[in-house]
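Student: The lines below spell out each chain.
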Amino acid sequence: MLSPVKIWRNQKKIAGLAGKTGRIISWTIVRVPPNGFADQAPYPVAVVELDGGKRIMAQLVDWEDRHVAFGQKVVTTIRRITQPNTEGVIPYGIKVKPI
Amino acid sequence: MSVAIIGVSTTKFGELWGTSPRALAREAVFGAMKDARIAPKEIQALFVGNMLSGILGGQEHLGAFFSEELGLRVPAFRIEGACASGGLALHSAVGSILSGQHETVVVLGIEKMTDHKPEDVAAALMAAGSQEERSSGATFPGLYAFLARAHMEAFGTTVQDLAVVAVKNHFHASLNTNAQFRNTITKEQVLASSKIADPLRLLDCSPVSDGAAALIITSNRRQATGNRRSVTIAASAVATDTLGLAQRESLLELKATKKSSKEAYRQAGVDPGDIDVAEVHDCFTIAEILAIEDLGFAGKGKAAAELERGEYTLNKAKKLVVNPSGGLKGCGHPVGATGVKQVVELVEQLRMDAGDRQVIGVRVGLAHNVGGSGATAVVHILKRA
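Protein chains in written order, with our numbering: chain A, 1 to 99; chain B, 1 to 385.
Hints listed in this document are in silico derivations from the structure and should not be mistaken for laboratory results. Quantities reported herein were computed from a predicted structural model and do not represent experimental measurements. Virtual Cβ for every residue (Gly too), placed ideally from N, Cα, C. A hint or two may mislead.
Said to hold, decoys possible - Non-contacting residues of chain B with respect to chain A, defined by C-beta distances greater than 12 Å in every case (computed):
{"#": "1", "residue": "Lys117"}
{"#": "2", "residue": "Pro141"}
{"#": "3", "residue": "His151"}
{"#": "4", "residue": "Ser174"}
{"#": "5", "residue": "Leu191"}
{"#": "6", "residue": "Ala298"}
{"#": "7", "residue": "Glu311"}
To be verified - Only some residues are given here: those of chain B computed to face chain A with a beta carbon under 8 Å:
{"#": "8", "residue": "Glu68"}
{"#": "9", "residue": "Glu153"}
{"#": "10", "residue": "Gln160"}
{"#": "11", "residue": "Asp198"}
Next up, chain A with everything else stripped away, as it sits in the complex (with noise of 0.2 Å):
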């Protein structure tokens, strides 16, 4: 599904979105993944309020049971997102961890 290009496009997006901070204002976890994510699951995904007020959607790493909680600090860090694909081509993105 995710062409090459479309992920050498996106790519160049994201640096400019790491290293900021901000805190979960709502979250589940995720038990039944979607394709690509088996190996991951089971994973908390948080909707985020950046410092600043911009709200983004991730998945969040690095994580004790304690971190899946309303108000809990973070910051965004790029990661890798699913398995390759056929192309080989890795696709990172924007996931965030505890501070």
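We have chain A; now place chain B onto it with these hints.
Tutor: Coordinates of chain B only, in the frame set by chain A:
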């Protein structure tokens, strides 16, 4: 000019392994024509609501595809708006009649989902979300889980409150011969079912389904008044919001539901209190709680307690019954068919034709169809002619 519904039909909803999309379309459309007592030559256009045929089945160009299958050879359109595709198809068909372009048209909602692997269906449904949501690893149950978690935090809503919705809708579906699930369930069963996306469990989720539903609508007064069973479309309204859930102003409501219903109430000249029966988009249990609040039937944060008291349950409700068909949860959710099926149910209710699930004394019905996690909402209001 007013638009009337003169024929309705729905196939059985469920895991229909032996039935093709072509057969589903024939059954629904010819059933609706028979109900309307009109011949195929009186149909001037076909509007098809469908979401997944291209991404799952590799078949696009559904206007011509079903036009050929039905032997209609008329102008034909496929309308897509995720799980609101059916409602949007009806809205577009109503528009074509009000513009004077056509007089009598057929609306077909159809989806075939069980031919495909669950993880492929889950990924295809996420095509209704944003790229950010897909990259986050969220699923559709996950998106509604965010709404559920936020509602719990703000209003003290509990997982028991969510379970009440599933129990009610299975009870209603047990009375519907076309429903996917005819079994009643208990709150304990919901709470013991496997976790899908916390706090949502398997029995909080609508199923993967096959099915089709069709409507014949017309502005032809002879056809409408000659058919004593016709029902008037008093309002047809659509609203949209951000594609991604995170970008919404609030996680405690679906603003598109509020906007589209406000416009629909204005068009129909009614208030929420005038609605006797409603089919709302309960793709997940939390979605029915949000719908009851955002459509104005209950105050914000008040729907769960009213549901618990049976205020929206058949044979218990005093003001209105919600999802007498069993809703998406009990009746099944073939995504493109759902918005059309909701209207079929309302027409049967308004004709007093709904059998065991008949709501007493119905005059005004409302259908609420949502696309994605609330990026599209479609509201129709029907009145007895």
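Student: Identify every previously stated hint that the structure contradicts and give their numbers, smallest first.
Tutor: 1, 2, 3, 8 and 10
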